Amino acid sequence: MTNPSDYKYVRSHEWLCYVDDDRVRVGITDFAQQAMGDLVFVNLPIVGDMTTAGEPLCDVESVKSVEDIFAPVSGEVTAINEELMDHPELINAAPYDAWIAEISHITDTEELLDAAAYEAVCAEEE
Amino acid sequence: MITDLYYCEATGLLPYRNQALEEYLLRRVQPGELILYLWQNQRTVVIGRNQNSWQECRVELLQQDQGYLARRLSGGGAVFHDLGNLNFTFITTDADYHLPQQLAVIINALAAIGIKAVKSGRNDLLIADRKFSGNAFYKSGANRYHHGTIMVDVDMTDLGRYLQPSADKLAAKGVNSVRSRVANLAEFVPEITVEQLKKLLFHSLGDTYGLPVQEFLLPADAGQKLALLTERYANWQWIYGRQADFDIQLAHRFSWGEISLNLQIEQGTIANAVIYSDAMDGEFIASLAPFLSGCRYDTAAMIDSLQQAVINNRQQAVIIDELSTWLQKRG
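So the protein lines, in turn, are chains V and W.
So the first sequence is numbered by the numbering used here: it starts at 1 and just counts up by one.
So the second sequence is numbered by the numbering used here: it starts at 1 and just counts up by one.
Think of the hints as simulated: they come from the structure by calculation, not from any bench.
This one's a predicted model, so the numbers in the text were calculated from it and none came from an experiment.
Any given hint might turn out to be false.
[As the list claims (entries may be wrong)] Straight-line Cα separation of at most 20 Å, EDC-like style, residue types lysine to aspartate or glutamate; simulated pairs: (1) V:64 - W:94; (2) V:64 - W:124; (3) W:173 - V:38.
Input sequences plus hints: build the corresponding full structure.
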């Protein structure tokens with residue numbers, strides 16, 4: 001699967017996509033979902049949660065393990081993808097459509113990579 | 001590559017403190033290090049990260065027996081700990097994490113006393129097709145741990161009582177436990193003790209990795225961090241509050257009629273309550289619902305709220321009394 005070129009990426013394997021200047025949608029990359037295996041539960045954040053760039057946003061449980069998902073930006077959670085409550089497998093099936101949370105009022109951002117730079121990070125880890 | 005092996009034993013039996021030390025070790029482990037942490041909890045049910053506390057554990061019964069309910073960072077199902085159980089955690093970085101070798105530490109330790117243990121599926125260790133060790137996994141950034149139980153001489157009656165599914169109808173999202181046929185090591189080696197198992201694991205760690213084992217010494221500044229983490233694990237919000245919303249139906253037949261409490265729980269609090277009853281004084285019973293809305297989903301809090309109801313006659317007082325006693329005993 002190719003990583004969309006209009007998305008940005010962080011080293012901890014989350015993607016983000018700008019909805020407008022001050023609002024992003026966040027999810028996990030194809031590389032991350034493959035490493036995790038089949039997801040059984042997404043422990044979504046709550047609307048109103050404050051996030052800190054580089055700190056845990058929420059967690060997902062796969063058949064292998066629980067893993068923290070990190071917030072790529074500091075801000076406030078203004079929407080969550082509730083469909084994932086019943087269908088965590090959407091992340092495995094379409095990681096770049098299955099957004100987890102929308103974060104707005106952004107005050108800080110992790111180092112963002114474009115698709116090519118992110119693919120280089122993945123190649124190093126493999 | 002692992003260059004430094006450490007061994008660390010918990011000093012107390014309080015689950016929240018022991019979980020705190022486990023997380024403390026996870027956050028500070030360095031590349032090249034592997035820590036084996038051994039710990040025991042007194043009378044505790046530990047549920048997986050994404051489990052419903054009320055679905056997996058007889059909370060009331062456990063509290064009445066002065067037991068603890070704990071939620072862990074890793075996934076999977078509910079387990080029961082007492083002093084007949086030994087917990088282990090392998091803490092290392094992503095690059096040095098190697099599950100087969102970690103499990104070999106346990107399998108080799110048991111082989112030294114003539115027990116043949118085998119891995120089954122992703123999460124279990126078995127002897128003669130019966131599970132004595134359940135394993136679970138957590139990863140945060142570059143660090144991860146693999147932990148599990150080893151049943152040495154666990155009280156099976158307690159285990160069955162606390163993990164027994166409740167009769168209440170509960171609809172919750174999350175991860176459900178899978179029942180297994182379990183066994184204590186003592187069934188195979190009657191003279192085995194937890195102390196002996198600790199020594200076996202210590203030696204097996206060094207032998208399996210072919211490195212000397214160093215004792216892990218807590219830095220002087222660990223106390224404050226441990227206190228904060230302990231508070232977090234003991235916190236109502238962590239154990240009961242921050243879990244997926246769920247609906248529960250509590251039903252009971254009293255001498256004055258049958259009652260069904262239908263509760264919608266959001267963030268551990270009763271967001272909406274509806275009460276159905278075929279009792280003579282149905283109006284009074286229905287009027288109790290608003291007292292439960294907004295109250296924590298917790299027996300003591302619910303009883304307190306019911307006591308606020310305005311009572312007009314002796315029968316109504318009996319109803320409140322009997323409802324309170326039932327909620328208390330529901331266990």
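So, going through the hints one by one against the coordinates:
1. V:64 - W:94: It holds: about 14 Å lies between the C-alpha atoms, which stays within 20 Å.
2. V:64 - W:124: The given pair, whose Cα atoms are some 12 Å apart, holds under the 20 Å limit.
3. W:173 - V:38: Measuring from Cα to Cα gives roughly 17 Å; hence the hint holds.
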